[in-house]
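Top to bottom, those sequences are chains A and B.
For the first sequence, this note's numbering gives the first residue as 1, with consecutive numbering after it.
For the second sequence, this note's numbering gives the first residue as 1001, with consecutive numbering after it.
No lab work stands behind these hints: they were computed from the structure.
Remember, it's a predicted structure, so these values are computed and weren't measured experimentally.
Don't take every hint at face value.
[Claimed, not checked] Short, incomplete list of chain B residues facing chain A, as computed with Cβ under 7 angstroms:
(1) Phe1033
(2) Ala1042
(3) Pro1043
(4) Phe1045
(5) Tyr1048
(6) Gly1101
Ideal Cβ placement from N, Cα and C applies to all residues, glycine included.
As a plain string of letters, each chain reads:
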Amino acid sequence: DGGITQSPKYLFRKEGQNVTLSCEQNLNHDAMYWYRQDPGQGLRLIYYSQIVNDFQKGDIAEGYSVSREKKESFPLTVTSAQKNPTAFYLCASSGSQGNYGYTFGSGTRLTVV
Amino acid sequence: GQNIDQPTEMTATEGAIVQINCTYQTSGFNGLFWYQQHAGEAPTFLSYNVLDGLEEKGRFSSFLSRSKGYSYLLLKELQMKDSASYLCAGGGGGYNKLIFGAGTRLAVHP
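Just chain A, with the same shape it has in the complex (with noise of 0.2 angstroms):
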């Protein structure tokens, strides 16, 4: 079955450490986006990748890295730059005719310790 994947979906992280969350799709979608979702509020635009080879900065792109090298992966690093990890990240993916609407992965909750 064609799905969204993400791993892990705990992470620890320790102050100053860089870690990278794993996303992987195989329902041939073109766009790949990372969310940033904290308790009790909205999904928060980090980055997104329209096309292979390329992504574009969200609304809070500060501390975070990402890279687009195979359609089918789209992973996020959370750099040391960012001073508040500590929550819940989404990636989603879609198509690019019709329902526009996303699919997405099953979450990693990143804490920092």
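Given the structure of chain A, go ahead and fit chain B onto it with the hints provided.
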């Protein structure tokens, strides 16, 4: 500017009907989406409206008025499992980029 507004919280009784409203302002328009999100889980797709009118899908219906920048999600015969956050999202943030509202937390009581 681009903005999506929806109420923060709502409560309802099991078996009742609840309507969750959403108003939007986006620079373009590719459609209006509703997602359901249970605590700690990913959002799941509920409905998509691109033309004015009502779309019915079982217990859930969604309405859109493009001229008013307004949508609502109607949940009938409420069940306890409907307790969740409901996210309104609008297209128009560029190529396939959705703009999300903060979500409406619905609590269903016996």
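ask   = Hint check: is the beta carbon of Phe1033 of chain B less than 7 angstroms from a beta carbon of chain A?
value = Phe1033 of chain B check passes; min Cβ-Cβ to chain A is 5 angstroms, inside 7 angstroms.
ask   = Against chain A, with CB atoms and a cut of 7 angstroms, does the hint on Ala1042 of chain B hold up?
value = holds (4 angstroms)
query = Is the hint on Pro1043 of chain B kept, meaning its closest Cβ partner in chain A is under 7 angstroms away?
reply = holds (5 angstroms)
query = Does the nearest C-beta of chain A fall within a distance shorter than 7 angstroms of the C-beta of Gly1101 of chain B?
reply = At 6 angstroms from the nearest chain A Cβ, Gly1101 of chain B passes the 7 angstroms test, so the hint holds.
Evaluation of the interface hint that places Phe1045 of chain B against chain A, nearest CB under 7 angstroms = At about 5 angstroms, which falls below the 7 angstroms cut-off, the nearest Cβ of chain A leaves the hint on Phe1045 of chain B intact, so it holds.
ask   = Would the stated hint for Tyr1048 of chain B survive a check requiring a Cβ distance to chain A of less than 7 angstroms?
value = For Tyr1048 of chain B, the interface hint holds, since the closest Cβ of chain A sits about 5 angstroms away, which is under 7 angstroms.
Of the numbered hints stated above, none is contradicted by the structure.
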